[in-house]
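**Q** With the hints as extra help, turn the sequences into a complete structure.
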Amino acid sequence: MEQMAKVAFGIYTLIILSGSILAVSAKSLVRAMVGLIATLLGVAGMYMLLNSPFLALMQILIYVGAVCVLIFFAIMLTRADAGGEEAASAPLRQNLLALLAVTTVGGILSWLLLTRPLITTGVPVEVAIEKLGLGLLGPYGLAFELISVVLLVSMAGAVLLAWERRNGK
Amino acid sequence: MPAELIRILIGLVAVAVSVGLIGLVMVWVERKVAGHVQRRPGPYEVGPYGLLQPLADALKLVGKQLFMPDNADPILFWLAPVLSFLPVLLLFLPLPLGDGLFTLDVNLGLLLILAFSGLAVLSLLLGGWASNNKYGLLGAARAVAQSVAYEIPLLLSVLAVAFVSGSLDLATVVKEQGTWPWNWNIMTQPLAFLIYIVSALGETNRAPFDLPEAESELTAGFHTEYSGMGFGLFFLAEYANMVVVCSVATVLFLGGWHGPVLPGPVWFVLKVSLLMLLLVFFRWTYPRVRFDQLLNINWKWLMPLAVANLMLTAFFVKLAQYAVVKM
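Quick mapping for you: the protein sequence lines, in order, are chains A and B.
Every position in the first sequence, counted from 1, becomes a number in my numbering once 99 is added.
Every position in the second sequence, counted from 1, becomes a number in my numbering once 8 is added.
These are computed hints drawn from the structure, not numbers from a lab.
Ideal Cβ positions, reconstructed from N, Cα and C, are used throughout, including at glycine.
Take the hints with a grain of salt, since some may be wrong.
[What the hints assert, rightly or not] Computed Cβ-Cβ distance ranges for the label pairs, DEER-style:
| # | chain 1 | residue 1 | chain 2 | residue 2 | range |
| --- | --- | --- | --- | --- | --- |
| 1 | B | Asp113 | A | Lys105 | 22 to 30 Å |
| 2 | B | Gln329 | A | Leu176 | 45 to 53 Å |
| 3 | A | Ile110 | B | Trp309 | 40 to 48 Å |
| 4 | A | Lys105 | B | Asp300 | 49 to 57 Å |
| 5 | A | Ile110 | B | Pro82 | 24 to 32 Å |
| 6 | B | Val333 | A | Leu259 | 47 to 55 Å |
| 7 | A | Ala165 | B | Tyr294 | 25 to 33 Å |
| 8 | A | Val258 | B | Gln46 | 49 to 57 Å |
| 9 | A | Thr203 | B | Ala22 | 28 to 36 Å |
| 10 | A | Val222 | B | Phe323 | 36 to 44 Å |
**A** Right, dumping it as structure tokens:
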């Protein structure tokens, strides 16, 4: 069984990595979205491996079933084709900044993981949905609400970006 | 090999075979009903009562050449029909046909079906977009707006039943209901049943809500450019989705395998077939709605009703718990 879990972990990691590489490197936006979908499905598989099927199914229901469909809607509204000006490769400065952003976040995260060993169990335990719900509304209520603020910020940011663009023209 | 794996393998083979058979039977039923509704006999040349007509149609589809339009995205174009059909096989696995008669024992069966049925929309979008055809793109655009809208009342009505049963496990939901029709969930949740059926029509793109493939406006919508089995897979997936939708309705509202005298699986198949027939009758009775009407029905009627129904259900469930504690 442990052997099978390791094989599954390898397959999911492969799916996540190749999906994310496709998502950032594809010229066509719809292909990039397919890469994103593969990544999200791979992450759902990881949740399954952690013995939390509820989280895995929610990941598929919300991210693959709803968020990606909305992204597709946005792609269709902008009619971005593979030959457009946005599809041209970014200047060197942008690439360097992107590399900096990736290494900063990745560096901090891996430093945290390496220096502060996590308390883990050998075999993951399945948490009942009731416990999950009570936890979200009880002890973790503040964190739960703060996540919704992040959503609000991103929405406000999208409106702000669209507004400035329209004023500029 | 572990027993569970063998069970899943057998289940998958059984599902694949029955999806093919159901597809053939449903094509015949649909054409016969359509014929008689329009006062003509329908297919009657091939086999007795035209029973072998769908088989001939299927052979024709398999034998046809697969075309792809110029400048279409080749990977996405062929990925779409496969992606529309594969998740369907998964949707059948948690359905309980009888007491203990299911393939996959998961305590989140309802959630599994809801999660993977979302992939169908995605395949439809990819197919419509990758065809490099304006009708395909228009069909895909309609499919997005429609499926995003109708998924919400569908989830809310299903959630109301989950509140009453206190479980997302399909077998548990069935066990909570009794043998006779007045013991079924449809008696306590009639509004949820109505909302479920209407939004299920919207989710499966069946007439009167078949806007993404409206023949008279968009040629064939998202599958305009597909020939042979590319089209065949979309077609088969549509019928398989219908079966899943009707099975879930049977499990949630109509008592699943419960029923007097006859054994459980017989009752299950009987109920599902009756619901399927109902959907076919809907298709040939009502004209297709306009797109603004389609969205108005959803946002102005189904959504508020579903939310109100859910809140009332939650209130009464809590009240019942409180009463039990008091006693």
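**Q** Does each hint hold? Answer for all of them.
**A** These are the hints, each one checked on the structure:
| no. | hint | result |
| --- | --- | --- |
| 1 | Asp113(B) x Lys105(A): 22 to 30 Å | holds, 24 Å |
| 2 | Gln329(B) x Leu176(A): 45 to 53 Å | holds, 47 Å |
| 3 | Ile110(A) x Trp309(B): 40 to 48 Å | holds, 45 Å |
| 4 | Lys105(A) x Asp300(B): 49 to 57 Å | holds, 54 Å |
| 5 | Ile110(A) x Pro82(B): 24 to 32 Å | holds, 25 Å |
| 6 | Val333(B) x Leu259(A): 47 to 55 Å | holds, 50 Å |
| 7 | Ala165(A) x Tyr294(B): 25 to 33 Å | holds, 28 Å |
| 8 | Val258(A) x Gln46(B): 49 to 57 Å | holds, 51 Å |
| 9 | Thr203(A) x Ala22(B): 28 to 36 Å | violated, 53 Å |
| 10 | Val222(A) x Phe323(B): 36 to 44 Å | holds, 41 Å |
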